[in-house]
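Enquirer: Below, each chain spelled out in residue letters.
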Amino acid sequence: MSDDDLVRRLRAGDEAAFGELVDSYHSSMVRFAQTFVSNRAIAEEVAQDTWLAVLKGIDGFEGRSSLKTWIFRILANRARSTGVREQRTIPVDPEGTAAVDSRRFDAGGSWAEPPVHWSEQVDDRLSAGPFVAEVWATISRLPESQRAVVTLRDVDGLSSKEVCDVLGISEANQRVLLHRGRSRIRSALEVELAEK
Amino acid sequence: MRLRPLQRGIVCQQAVELITDYLEGALPRRQRERLEAHLRACDGCDEYLRQVQATIRILGSVRPTDLEPETRSGLMDLYRQFRDD
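Chains A and B, in that order, give the protein sequences. Position one of the first sequence corresponds to residue 25 (my numbering), numbered consecutively onward. Position one of the second sequence corresponds to residue 5 (my numbering), numbered consecutively onward.
The shape of chain A in the complex, shown without the other chains (with noise of 0.2 Å):
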């Protein structure tokens, strides 16, 4: 379904494609409207007032987004000032900027203590519930910007542009937060398979 048909439907009241909307999109962005608030009951009211805002400003939509990051825009503003009255204390990066740590590297720069291999078995425990479980408990500890692209653009596989309307951030930024986010998440997951 093409968005320019779905906006039509939309704007002629047609019940049936706000439900696929909602089947498309609600569970994403419950989930990310929790990357700035403080609970998933929170985070499923503000999604909720972002369809609201959907159905009344649908006849303005103009086109220029696709309508997903649209809706995404509408939503990360509404999270974010309901995160600020919240007054949730975002968690400063206590870990630095550094990709990997830099005791990892011999003075020149080389690796001291170069990754143990496991990009080639990482494939075969997707399928792991627990495991998944793991790397989304990863993402909640990221700090607030970096969650937000890395979720957006990683686990809702959004384009790097369409990340940078949702958010209004600069392509070089998003670079920046996702750098970060995705090395924080392989560190986890290098100490988590080491574990195993």
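These aren't lab readings, by the way, just hints derived from the structure by calculation. Every residue, glycine too, gets a C-beta built ideally from N, C-alpha and C.
Which chain B residues face chain A? A few, computed with CB under 7 Å, are given here: (1) Gly48; (2) Thr69; (3) Tyr83; (4) Arg87.
One-sided excerpt, in silico: chain B residues whose CB lies under 10 Å from chain A: (5) Glu21; (6) Asp25; (7) Asp47; (8) Glu51; (9) Val56; (10) Gln57; (11) Val66.
Pairwise CB distance ranges (calculated): (12) Thr121/A / Asp89/B: 47 to 53 Å; (13) Ser105/A / Glu40/B: 40 to 46 Å; (14) Gln111/A / Arg34/B: 46 to 52 Å; (15) Ala45/B / Gln111/A: 47 to 53 Å; (16) Asp148/A / Arg34/B: 37 to 43 Å.
Since the structure of chain A is provided, determine the placement of chain B on it from the hints.
Expert: What follows is chain B alone, placed relative to chain A:
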């Protein structure tokens, strides 16, 4: 600690910081070529790149929780209320 300047090749500690820009296609050509030369020569960094790619695959496999029927019907009620107003 002083790292060797980029012009003379890339050291591992620099290579790991370039991985995202590399995967995003955001590295200037010369820097990309230097990184690729380093990756061909360095098993540790080659595995590091593969681990980042594996991380991306794992992240892409995390599915959202299923939409609960009550949540869905609540949203459809919301829709009908909105239409009735």
